[in-house]
Structures are given as C-alpha cells and as structure tokens.
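Student: Hey, can you work out the whole structure from these sequences and the hints?
The listed protein sequences correspond, in order, to chains A and B. The first sequence begins at 1 in the UniProt record's numbering and counts up by one. The second sequence begins at 1 in the UniProt record's numbering and counts up by one.
Treat each hint with caution, since some may be false.
[Claimed, not checked] Some chain A residues close to chain B (C-beta under 10 Å, calculated; not the full set):
1) 29
2) 83
3) 93
4) 108
5) 182
[To be verified] A partial selection of chain B residues facing chain A, derived with a Cβ cut-off under 7 Å:
6) 61
7) 63
8) 65
9) 77
10) 78
11) 89
12) 93
13) 97
14) 105
15) 108
16) 147
17) 238
What the hints contain is simulated information worked out from the structure, not anything from laboratory work. Even glycine gets a Cβ: it sits at the ideal position worked out from N, Cα and C.
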Amino acid sequence: MAMILYHGEPNGPSLAVLAALGESGVDAQCRRIDLLAGARHTLPDVTEPLARDMGVEGEGPVLVVDGEAMTESVFIAQFLDESGANTLQPKDAYAHWQMLMWCRRITERCAPAAAFLGCKASAQPVLAGMDEAAFTALSTTIASEDLRARWTAVRAGNFPDEQLADSVTKVTDAAKKVEDQLADGREWLMGDLTIADFETYGWLAGMVDLVPDAFAGKDRLSGWLARVAARPSVQAALARASVPNPQSSWAPGPEINRWG
Amino acid sequence: MAQVTLYHWEPNANSGKPMLALMEKGVQFDSHYIDMLNFDQHKPEYLAINPQGTIPAMTHGTRVLVESTAIMEYVNAEFDGPDLMPANAQDRWRIRWWMKFMDQWLAPSFSMFGWKFFVGPNALAAHGQDKIEAQIARIPLPERQTAWRKAVFGLFSEAEMAESGRRIGVGIQMLEAELGKREWLASDQYSLADVNGFNLAYAMPLSQPHLANDEVTPNIMRWLRAIYRRPATRECWKLGRTPMASRVEILEQDYIPPRDESEGISSGVR
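Tutor: This is the structure in structure tokens:
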C-alpha cells in the first residue's frame, strides 16, 4: 500500500504528523507542498477527497492511502502509529482516554488560537500580496465554504481584537497546562512519549516568538520544548523545511468555536 | 469488576453516545439521570463528580471520564463484548474522522436549531427567566456560561442560524453519500461512528422533514432503521423520560414522505 504524505513547512499539524511518521517507522513518501498557494486542494490521484475537503483542521497535512485523503493530524498520527511501531499511544484504556482528552484540549482550544495568531503574523501578508485573479482562482478550489471564508478573512486582515485577545488567552492556557502537567518531574506529557507531545509541540513551538509572555518563567515547559525538539523524528521533520524559520509558517487552521 | 456509573440526560446527542455504547457492549451500569433543563449538572453533588458540569460523565471504580466520544472509545477498549472498532487501521481512522466531524462541525449546528426552536423555549416555559439566569451564573467555565445563555435565550444571530442551516444541509448530503458507499457509516461493520451518528441523526425525519426522508435520503433512512432495530437501541431509548426520546418512534414507519420545512421547525416536535 503506497502512502504519500503531503505536508506544509514543518510546523503546526504538519510537524506533528511528520514526527509521528518518523517515530512509527512507516514507509511513506513525504512531499512538501505550498499550503498558502492552495496546493492542498489540487492534489493528484485523490479518489476520496471528502476528508481533505471537509476536515475540521483546515490546512493540515494530507496522507493519501489508496486514493483516500486522510486528514486530522491526531488521527493520522494514530493511523501511522497503529500501522507501524505502535509506541505512541498508551495501552491502558484510561491512560489512552487521558491522551485523547489532552489532544482534544489542544486541537479544540489551542490550535484555532495558534493558527489565528500565526496567520495574522505571517500568512496575511502573503495572501494580501496576491492579485485578485490569482486569489479567486485559488479560493474556487477550496470545497468547504467555511474554510474558504477563513482564507478570505486572513487575506483581508480581518482579525477582530476580541478574538486576538481570546487567542492569546488560549495559547497562554495551553502553555500553563504543559507547565503544570510536568510538575511531578515527568519527561513527557503523558509519562511516556505519545502523540500528545508532538501535537502540542506542533501548535506551541511557533507561539514562543508570538506570545512570549505565555512562556516566560516556565522552566519545565522550556525543558520539554527542548526535549521534543531534540527527538530525531522532529529533527528529521525540521530538515524538510524550505525556509529558515518553519515555525513562522502558518496557513488557515481550525475555526474558532462558533458557540463562543 | 469495578462499578460503572453513567450520569446522563436523555438518550440523545452527547448523553446517548455512551449510553448506547454501554448497551451494545452489554456492560451493566448504574444509570443516573441528570435533568439538564433543571440544571442538575451544575449542582454541588454533580460538580463533585465532574467539576466542569458537562454531561455525560462516567465513573468506573475510582476513574472519572468525561466527553461523550472519548468515553465511548474507553468503553469499547476497556470492556468485553462486541468490538465497536474494526481491526483495520484505516477504518479506525475513518471512524475517528467522522466522529470529530459530527461532534465539532455538524452537531453544533443541529444543536443550535434544537435550542432555538425546541429546548430553549421549553426550558424558559418550565423554569422562568430569573431562575435560569441564576443557575447559569453558577457555571464554572465562563465560555460555558456564554454558550448556555445563547442556547436558553436563543441569542443566535441571523447569520449564525443561516450558517447552521447551511451546515445541516451539507452534512445530511455527506451522510447520504457516505452511506451509499457501504452498509455502515465509516466501515463495513457497525462501529462507534454509527452509535455517534444515530444520536445525531435519529430525529432528522421529524426536525428536517424536507431534507431527510425516504425520497431524498434513502440511504440514511435504511441506516437509521437498521440501528433502530438493534436490541441495544431499544433498551437505550427506554431510559428517556421526555417526549424528546419518543421521537425515535418515527423510525417504525416503513415510509416517510418528504414534508415541508415548516412542518419540522414550527411544529414543536423538534
């Protein structure tokens, strides 16, 4: 079964999945694509595009297996782990539930916030610089109406103050959650190294420069960031970057919760 | 074996997911009915179990679990009984994908319609605005307070309602197309995705009669009736105490014709 992993610069969910792939030992071909050029929406040889088109995660990586586009970084990481070394998920059902709950806190609260702040800092200038015809051509390839609206908002520089403040709060909460989780001296978030470490690292690493106050004085968090960064799987992922600072590469992510 | 206790509301949406999963697995559990519209979930005795005040919650011995879909995954992995996750890793991925899509994208839109036209007005009529305001003020998480105010008082903008309506339409079409590919939602065997999806979709022929019926969504109707026929589903829906749960009886009809949108939303049966 041939697998192709289409990923953006190694940051956010693309970094999380590249790292999980490295840990899993699964043989998949990695192809870096330009997310901000809309490349994710015109991938070749996709016969089952639904998950790519309608995924909640936004511009996350896409693993194509037998023509089926697989998305959502946590679930791709689970798939790779279960198809390979099987070391990144707790075997005990309760510990596994704890890992899933951790990942949901990150994907539902931290990820939309990080993508929002990251897009303001780095994606907005790129999209604003596109001419109208090019952006229109790109946006017509995006099947999901709400994802398309998030692209349009980024291009327009539509970042309301209230959502910016809320996003800083959510990133700060996530940083504190990591600091607190490590209070008992554990090396990794769940004790053993799991998908939660990579998912959390992917979304938080790029926030160190954008929300420095969230990280200030948090020594356990800093140590953990350094440990994750030092993993050979993460180093290999970062080596796939085409830019000097991949942690400042962002593309439209998950939507901010509509229920407030 | 350690005692299992489930704190739940009606067999519907989030509460119904772990209820039905436990029933399918044949796990004996203590059922604690939480009257959500009486805000039982924010009373001290429940907050002592789940400080977030969300429903459902499950205890297994000394373990406390929350979040309906994550509880289902725990139930399936921890207990004997029929496996509700297939062996194939790609099938498991698809099940997880559909559950997240339903939980985060589609269900909140159904929920907005349900609260606006049915649950919210009923709660106000039953308890009055002052009592409800006071109870919302006691909710621990600020964002949950915001969500509750919006829900009970129907504070959704026209744009929000329109977007939810759009998502309901898109989501129903996606379900119909997917159920045209295989017997069950996300794999060739009955799985957690079906348990999740049934809780979201069982009342659609009543609430969205123009979008879900035997003429326009025959695959969805076949799938809903197949799940309704399962003994676990029958047992589960017996735990309902309000007219909400009895909506499931629509699935006893062999043929449900299309009806006008207004017959669903304004008829009060939502």
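Student: Evaluate each hint against the coordinates.
Tutor: Hint by hint, here is what the structure shows:
1. 29: Interface hint status for residue 29 of chain A: violated (17 Å vs cutoff 10 Å).
2. 83: This hint holds: residue 83 of chain A lies near chain B, its Cβ roughly 5 Å from the closest one there, short of 10 Å.
3. 93: Holds: closest Cβ of chain B sits about 4 Å from residue 93 of chain A, inside 10 Å.
4. 108: holds, 7 Å
5. 182: The hint is violated - residue 182 of chain A has no Cβ within 10 Å of chain B, the shortest such distance being about 22 Å.
6. 61: Violated - the Cβ of residue 61 of chain B stays beyond 7 Å from chain A, reaching only about 10 Å at its closest.
7. 63: holds, 5 Å
8. 65: holds, 6 Å
9. 77: holds, 4 Å
10. 78: Holds - the Cβ of residue 78 of chain B comes within 7 Å of chain A, reaching about 4 Å at its closest.
11. 89: holds, 4 Å
12. 93: Because about 4 Å separates residue 93 of chain B from the closest Cβ in chain A, which is inside the 7 Å limit, the hint holds.
13. 97: holds, 5 Å
14. 105: holds, 6 Å
15. 108: With a closest approach of 6 Å, the residue 108 of chain B hint holds.
16. 147: holds, 5 Å
17. 238: violated, 28 Å
Hint compliance for this structure: hints 1, 5, 6 and 17 are not met, and every other hint is.
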